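Okay, here's what each chain looks like letter by letter:
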Amino acid sequence: MLSLESIKAQVEQAIPGAKLAIVRNDAPSAQHSLLVDNASGLAVAAFLRDDPALRFDYASNVTGVDWPEMELTEKIKVKKMVEGVEKEVEEVKKTLRPGYLEAVYHLYSMELKHGPLVLRLRTENRTDKAHLPSLTPVWRGAEFQEREIFDLYGIVFAGHPDLRRILMWEGFKDFPMRKDYAEPDDYEYEPTPHDDVLERARQHYPAEGKG
Amino acid sequence: MSAPSVGHGLPDAGTPAQIPAPEGAGTPNFTIRPKLSDSGAVEGELLEVSMGPQHPSTHGVFRMDIVLDGERVVKLKPVFGYLHRNHEKIGEGTTYLGSMPYTDRLDYFCSMTNNWAYALAVEKLAGLQVPERAEYLRVILAELTRLQNHVSLCGFLLQDMGASGTPLMYAFRERENILDLFEAISGARMMCNFMRFGGCRCDAPAGWLERVQKIVGNFPAFLDEFEMLLNENEILMARTQGIGIIPRELVVNASITGPLLRAAGVNYDIRKVDKYGIYDRFQFRVPLGARGDVYDRYMMRVLEMRESLKILEQALKSVPGGPIIDPKAKLRGFRPKAGEAYGRIEGPKGELGFYLISDGSPNPYRYRVRPPSYINLTVLEDMCLGHNVADVVIILGSVDIVLGEVDR
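Protein chains in written order, with the numbering used here: chain A, 1 to 211; chain B, 1 to 408.
For the record, the hints were derived by calculation from the structure and aren't laboratory data. Hints may contain errors.
Stated by the list, open to error - Derived pair list, reagent style DSS-like, types lysine-lysine, alpha-carbon separation capped at 30 angstroms:
hint	chain 1	residue 1	chain 2	residue 2
1	B	K310	A	K8
2	B	K272	A	K113
3	B	K337	A	K77
4	A	K173	A	K8
5	A	K173	B	K214
6	B	K330	A	K94
7	B	K328	B	K89
8	A	K129	A	K113
9	A	K80	A	K94
10	B	K275	B	K214
11	A	K8	B	K75
12	B	K328	A	K173
13	A	K179	B	K272
14	B	K317	B	K272
15	A	K93	A	K113
16	A	K179	B	K337
17	B	K337	A	K93
18	A	K179	B	K310
19	A	K113	B	K75
20	A	K75	A	K94
21	A	K19	A	K113
22	B	K275	A	K8
23	B	K310	B	K272
24	B	K89	B	K35
25	B	K89	A	K129
26	A	K93	A	K129
27	B	K310	A	K75
28	A	K113	B	K35
29	B	K330	A	K173
30	A	K173	A	K19
31	B	K214	B	K337
32	B	K275	B	K328
Said to hold, decoys possible - Far from chain A, some chain B residues (derived; all Cβ distances over 10 angstroms):
hint	residue
33	G70
34	M228
35	I235
Quick caveat, the model's predicted, so the values are computed rather than measured. Even for Gly, the Cβ is constructed at its ideal location relative to N, Cα and C.
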């Protein structure tokens with residue numbers, strides 16, 4: 001398989017507006033990934049599938065990852081005047097990483113027998129702009145997996161033919177795979193509530209007040 | 001109470017007619033809808049049936065919403081999630097090793113291959129090496145798993161066709177022998193929890209390899225008999241040939257893997273492509289189908305069992321001595337460096353992959369299972385359209401699903 005850098009260059013040449021970036025992976029697996037902007041996601045996917053030298057015709061694994069807003073701390077060394085002498089002092093620099101949701105596609109080629117190419121798409125935020133282009137029109141194999149991401153992470157895939165919940169039931173409100181998901185506190189429902197379970201159930205349904 | 005009248009007095013086109021249920025019976029699991037021609041005239045009626053979740057042919061708790069025109073399927077939507085316990089979330093809440101026994105419960109027929117796929121992904125993530133002896137044991141156990149999975153699948157498929165009991169019992173007799181081997185080496189018949197990151201949990205007990213050799217040596221005789229009874233059986237051929245064909249282009253595009261993919265004639269076996277473990281040392285062939293119907297899928301399982309036996313014969317001849325686990329692998333306090341890895345193997349049902357993201361803590365930041373039978377269900381509707389309800393049962397049987405893995 002071609003190196004990720006040359007794949008990136010090829011895609012940029014074929015699709016002029018595409019903004020790509022390489023995400024490094026420091027693990028021994030060295031599976032680096034290609035970050036694609038949302039606007040050209042579908043075009044890039046179609047190019048990767050159809051280009052005769054790449055032919056990524058098989059989207060093996062499609063999954064979501066949740067990256068909540070996080071304060072990153074970094075230790076930096078700063079030169080400072082301390083009591084009239086210049087010294088190197090360690091300072092903690094804090095930066096706020098905005099939260100986003102990510103869809104990760106592991107692509108292989110069945111025809112040319114190479115891979116994986118890891119494709120990443122990121123949403124703008126985790127709340128009102130959790131939209132991504134659906135790649136199901138390019139790879140049908142993403143259909144159920146994108147539905148699962150919609151179900152468990154809440155990414156809305158534009159252009160998906162049948163975007164419904166798949167593992168949780170219709171009418172379920174939350175997204176269980178998100179890092180900040182809180183289990184409902186009447187989780188331990190019992191047919192005959194007693195003691196603290198009863199107390200919690202009462203708090204939850206004050207109007208009914210059954211016991 | 002007299003039976004409700006069905007099919008009389010259709011209401012206005014578009015509104016489904018609900019048959020009044022007897023009091024206290026809940027909602028009925030079928031609805032009658034008018035069938036409209038292109039011009040909008042009522043031509044007949046469509047029956048919407050909910051097949052499952054408590055249906056013996058669905059191999060677990062699985063439901064299909066089927067719209068029928070007479071006996072013919074015009075629409076089919078699989079519905080599942082009844083066994084969903086959010087395996088991936090639980091995996092993120094426990095240590096890397098803590099998820100190992102839980103992978104057994106995914107596809108509970110093939111716990112050994114589940115263990116291997118997970119161990120492989122973690123080994124890629126942390127850069128661990130596996131000693132020779134452990135690699136050989138892994139291959140032997142994985143191929144035994146493939147044997148017992150395929151043989152049970154053939155039994156279940158025949159059961160779905162109405163061959164009540166006998167083929168399944170033949171198949172289960174052979175499966176029992178293999179489960180005995182699993183019990184001898186791991187202590188459990190189905191929930192084996194045998195592999196570890198960088199090797200296996202324990203060495204094979206004395207005489208175990210000879211027992212494997214004996215069972216592997218006897219297996220071809222069983223397979224000969226099984227094939228002789230079934231391959232050209234008229235009922236099997238009439239019920240399966242030309243049923244549930246998926247076109248070759250769709251099969252690749254829809255990420256179908258395993259025997260389903262190869263039955264459609266696509267040569268893709270991860271044992272050959274990735275050569276994970278030590279699969280490059282063995283001589284074996286990848287059987288391919290010509291038409292991709294249910295019969296081809298049945299034959300694919302039979303032929304793959306023959307190839308697995310070849311691998312087993314070769315592997316058993318050359319098992320080396322030595323350690324069973326990488327001495328550098330840490331069981332306690334295992335914290336891989338930050339990064340990610342996707343590891344995959346050729347499971348009996350297709351590509352089984354694990355995708356892990358580490359942030360340097362003892363728990364994985366992201367733990368994802370790529371379940372083959374879940375993704376193979378993507379084309380269930382395409383396979384069933386135009387066939388009869390009775391064929392749906394067989395087509396679903398030939399996909400080989402296990403709901404523990406589909407629902408996770």
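For each hint, the structure was consulted:
1. Taking the CA atoms of B:K310 and A:K8, the gap is about 43 angstroms. The hint is violated against a cut of 30 angstroms.
2. Restraint check: the Cα-Cα separation between B:K272 and A:K113 comes to about 10 angstroms, which is no more than 30 angstroms; the hinted pair holds.
3. Taken as a hint, the B:K337 and A:K77 pair is honoured in the structure, with Cα atoms around 24 angstroms apart against an allowance of 30 angstroms.
4. Note on A:K173 and A:K8: the hinted pairing is violated, with a Cα-Cα distance of about 39 angstroms set against a maximum of 30 angstroms.
5. For the hint pairing A:K173 with B:K214, the CA-to-CA distance comes to about 56 angstroms; that exceeds 30 angstroms, so the pair is violated.
6. Using a Cα cut-off of 30 angstroms, the hinted pair B:K330 and A:K94 is violated, with the two alpha carbons roughly 33 angstroms apart.
7. Of the pairs offered as hints, the one joining B:K328 and B:K89 holds, with about 29 angstroms between alpha carbons and a cut-off of 30 angstroms not exceeded.
8. At most 30 angstroms may separate the alpha-carbon atoms for a hinted pair to count; A:K129 and A:K113 exceed this at roughly 37 angstroms.
9. Distance check on the hinted pair: A:K80 and A:K94 sit about 19 angstroms apart at the alpha-carbon level, within 30 angstroms; holds.
10. For the suggested pair B:K275 and B:K214, the alpha carbons sit about 27 angstroms apart, so the restraint of at most 30 angstroms is met.
11. At most 30 angstroms may separate the alpha-carbon atoms for a hinted pair to count; A:K8 and B:K75 exceed this at roughly 41 angstroms.
12. About 46 angstroms separates the Cα atoms of B:K328 and A:K173, which puts this hinted pair outside 30 angstroms; it is violated.
13. For the suggested pair A:K179 and B:K272, the alpha carbons sit about 38 angstroms apart, so the restraint of at most 30 angstroms is broken.
14. Between B:K317 and B:K272 the CA atoms are separated by roughly 21 angstroms; this keeps the pair inside 30 angstroms, and the hint holds.
15. A threshold of 30 angstroms between alpha carbons decides the hint, and for A:K93 with A:K113 the separation of about 46 angstroms lies outside it, so the pair is violated.
16. Taking the CA atoms of A:K179 and B:K337, the gap is near 20 angstroms; set against the 30 angstroms cutoff, the hint holds.
17. Distance hint between B:K337 and A:K93 is fulfilled; the C-alpha atoms sit about 23 angstroms from each other, no more than 30 angstroms.
18. A distance of roughly 47 angstroms separates the Cα atoms of A:K179 and B:K310; the hinted pair therefore is violated under the 30 angstroms criterion.
19. For a cut-off of 30 angstroms, the pair hint linking A:K113 to B:K75 is broken: about 35 angstroms separates their Cα positions.
20. A distance of roughly 9 angstroms separates the Cα atoms of A:K75 and A:K94; the hinted pair therefore holds under the 30 angstroms criterion.
21. For the hint linking A:K19 to A:K113, the alpha-carbon distance of about 27 angstroms falls within 30 angstroms, and the restraint holds.
22. Only pairs whose Cα atoms come within 30 angstroms are accepted, and B:K275 paired with A:K8 is accepted, the gap being roughly 27 angstroms.
23. With a C-alpha separation of about 15 angstroms, the suggested pair B:K310 and B:K272 falls inside the 30 angstroms cut-off, and the hint holds.
24. Among the hinted pairs, B:K89 with B:K35 is inconsistent with the structure: their alpha-carbon atoms are about 44 angstroms apart, more than 30 angstroms.
25. Restraint check for B:K89 and A:K129: the C-alpha separation of about 24 angstroms stays at or below 30 angstroms, so the hint holds.
26. Between A:K93 and A:K129 the CA atoms are separated by roughly 29 angstroms; this keeps the pair inside 30 angstroms, and the hint holds.
27. Taking the CA atoms of B:K310 and A:K75, the gap is about 58 angstroms. The hint is violated against a cut of 30 angstroms.
28. Using a Cα cut-off of 30 angstroms, the hinted pair A:K113 and B:K35 is violated, with the two alpha carbons roughly 46 angstroms apart.
29. The hinted pair formed by B:K330 and A:K173 fails the criterion: a straight-line CA distance of about 41 angstroms is larger than 30 angstroms.
30. For the hint pairing A:K173 with A:K19, the CA-to-CA distance comes to about 34 angstroms; that exceeds 30 angstroms, so the pair is violated.
31. For a cut-off of 30 angstroms, the pair hint linking B:K214 to B:K337 is broken: about 44 angstroms separates their Cα positions.
32. Distance restraint check for B:K275 and B:K328: the Cα-Cα separation of roughly 24 angstroms lies within the 30 angstroms cut-off, and the hinted pair is therefore satisfied.
33. Annotated as non-interface, B:G70 keeps its C-beta farther than 10 angstroms from every C-beta of chain A; the closest such distance is 25 angstroms.
34. Consistency note on B:M228: stated as away from chain A, and its beta-carbon is indeed over 10 angstroms from all of that chain's, at 34 angstroms minimum.
35. Consistency note on B:I235: stated as away from chain A, and its beta-carbon is indeed over 10 angstroms from all of that chain's, at 33 angstroms minimum.
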